[in-house]
Amino acid sequence: MTTATLNPSVETLKARFGAAVRRILVSCGDTVVVVARGRAHEILAWLKNDPVERYDYLTDITAVEYRDRELPIEVVYQLRSLERKLDLRLKVELPKDRPLEVDTITDLWKGANWLEREVWDMFGIRFAGHPDLRRILMWETYSEGHPLRKDFPLRGRFSRAEQTHRALTADLAAHYSMEELSLKDATPLLPGDLRARLEVVTAGGEDPDVRTDHMLLNIGPQHPATHGVLRLVVELDGEVVVRVIPHVGYLHSGFEKLGEYRHYNQIIPLTDRTDYLSAMSNNVCLAMAAEKLMGIELTPRCTVLRVIACELSRIISHLVWAGTTAIDIGAFTVFLWMFQEREKLYNFIEAWTGARLTTTLTRVGGLMADVPDGWTADLQTWARDFPKVLDEVEALLSKNGIWLGRTVDVGALSAEEAINWSLSGPLLRASGVPYDVRKDRPYLDYESYDFEVPIGEHGDVYDRYLVRMEEMRQSTRILLQALERLPDGPINVADPRVILPPKSRAMGDMEAMIFHFKQVMEGVSAPAGETYTGIENPRGELGYYFVSDGTAKPVRWRIRPPAFINLAALPAMCEGHLLSDLIAINASVDVVMGEVDR
Amino acid sequence: MTHGDTTTGVITSSPNWVTTRLDDLVNWSRANSLWPMMFGTACCAIEFMATAASRFDISRFGMERLAYSPRQADVLICAGRLPFKLAPVIRKIWDQMPQPKWCISMGACASSGGIFDNYAMVQGIDTIMPVDVYVPGCPPRPEGLLYGILLLQKKIKGETVFDPTLRVEKLLDDQGMFLAPAVVDELSEPFGNSVHQTRSA
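Going down the list, the protein sequences come from chains A and B.
Read in order, the letters of the first sequence are residues 703 to 1300 in our numbering.
Read in order, the letters of the second sequence are residues 24 to 224 in our numbering.
The hints are simulated quantities; they were obtained by calculation from the structure and are not laboratory data.
Among the hints, a few may not be true.
Covered stretches of chain B (in silico footprint by chain A; criterion: 3 or more residues with CB under 8 Å from a CB of chain A, positions within the stretch not fixed) [said to hold, decoys possible]:
#	segment
1	41-50
2	59-66
3	100-108
4	145-151
5	160-167
6	178-191
Cβ coordinates follow ideal geometry from the N, Cα and C atoms, glycine included.
Extracted from the complex, chain A is given alone in its bound form (with noise of 0.2 Å):
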């Protein structure tokens, strides 16, 4: 590892806080540095907070525990500089023989609040001074312990008897805490002009059209405009919203507890689970984090089918976005329009993976199948041709007054509140900041291609409505660029380590049958390190965060989820809007329960 590839604020860092910054590692390019646990809440503060570093971007938070049981547990925050376009991964070291705590930073991004909950839910680590710390993903009573942690069995501490008769016995009202569910005085949050009226009420005065009774109403977990098994708790005046309390976690299936116990390439069909809408992207998201751990050039054929993929993926889903977000606003027509146009790319999606949805195309090191013949100047044909489709739709919806009604000027968020909220994609764009993985930290040669971010104004529903339907026609462009230049070659890399042989060899050849059982039996080991890979994906920024200890199975397979972090934000956005307005917020959030609850 050179300097060269070193992060310019560590030095400023080491000057600054001294001893309180105890080492300093380069793994994979990525610069990491463990601090004291004592002195993390002012670093990161400084960090922040300093006009000269700027991280004012929290990507992540998560923590690792190593198989080696000796080894601390080490609490992760993944920074990132937006105007400098920097990341930076900061460590806290937590012996297991002391209490395992350390501060929150809800107080510095508002972002941390759900990724500390998270930690603690998993871990078992608390945050010190953290607003809210309960579980978020299993519930409130779950008594089997801290998922993640390597002592706690892959299938649970009790049988699945137990499991499934603590499950059917399970009060639902400890899905979540009771005081949560009493009426506070959010008197705060309502409108001016009723706000004013609430305060002549409850200082004894007489209004005849204001009553002081709040609403509870309970939304979900099954419900059509949920877009998922989330469940809102909302406690109302009259129509306005003046709490929301999303609950999360009614699908949460385990995925980066199943991570450890496979090898790199059989993750690949989990990332498919994980953010069902997006397959493909996941699968090269995925794909890249392990090649980067394992030093692996792609070839160019290669770099350029992935690049197809991501965009067919995105695509995809923001086809399912506008379709399911017309019908939660009131239009049904939509919907059937952007299913023709997905069925279509279903048909280019299966003739190249064999399947609809759940994909699995790519291997470490490459593909599992190259595209079929005739199947770019096929795409080619339908790329033209979809622009007219989303022409059509903007036609109907764009200048429409009950859609105009229904999204301008609701739920928005400013610039600063989004960043602060650590939200990405779509969602931040439209807030007006131009935070693009594909433009800011580029991958697969994105900076190579020719095309355009959409930024909003104004962060409102209309505004991520326009840059959701801009992006489209950005990834047609894209597509088309990346079918025009895709070039003859291979699609996997001349390693024999990491690509199995073909069959036919496989069965006569003595060295790759060889290979062929290793690769099967062992799985592609790779060295010791850690890397953060970050994609753009349609809900925002895919991370996937690999701690490994040189073995073929990961000791840490970390999703950064953006649907999650996302729809953290759900409450900044609703509160004070009507109740039907939630729902149009909501669809604009565009979660993937999946991706939210892994």
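Take the given structure of chain A and dock chain B to it, following the hints.
Frame of chain A, contents of chain B only:
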């Protein structure tokens, strides 16, 4: 001369009257206007949406009236994986549905836990509620789901209104279980590839 449909048993020799067995009439009307209660959780729900959209068009089978309220539904379609956290929810929805009711378990996860043989996942919804038709696939193609629906219609056409046991609610026992604990443990045992997924290094 009689005109009739041999599959429904409806026989007519005049435009004004028909003769048929009561079972055939009831089953014919039930099977051809199933109102699905869509319990979509994960990837399978996207394929369900594709089934409902224009290309596959679920309304060809009398199912275009999607009920999102369990109280107005005939068939619960569990489309997607079912974690333990969601188990009491689907059970409650099933209990809220009035008779006659049926259940389709769509996809590998709903039917057996699928690839998620871990701490979070119910290993098949048949450990907590009765299932009529299992549709394999991960996720099943829309054609697969439609085939499952046709099988359910076939099953309904074989029922009789004179068997009161068919419509008896299968409630949880006094221990709060749907099946005996030993049966749940046996049904949930690892099989196939997941047998080997026990070592993390």
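Here is what the structure says about each hint:
Only when three residues or more bring their CB closer than 8 Å to a CB of chain A does the claim for the segment 41-50 of chain B stand; here the count is 0, and the claim is violated. Interface restraint, the segment 59-66 of chain B with chain A: holds (6 residues with C-beta to C-beta distance below 8 Å; minimum three). Here's how the segment 100-108 of chain B fares: 5 of its residues keep a CB closer than 8 Å to some CB of chain A, so the rule of at least three is met and the hint holds. Check result for the segment 145-151 of chain B against chain A: holds, 4 residues qualifying (beta carbon to beta carbon below 8 Å, three or more required).
Residues of the segment 160-167 of chain B lying with their CB closer than 8 Å to a CB of chain A number 3, which satisfies the three-residue condition for coverage. Note: the segment 178-191 of chain B has 0 residues with beta-carbon separation from chain A under 8 Å; the three-residue rule is not met and the coverage is violated.
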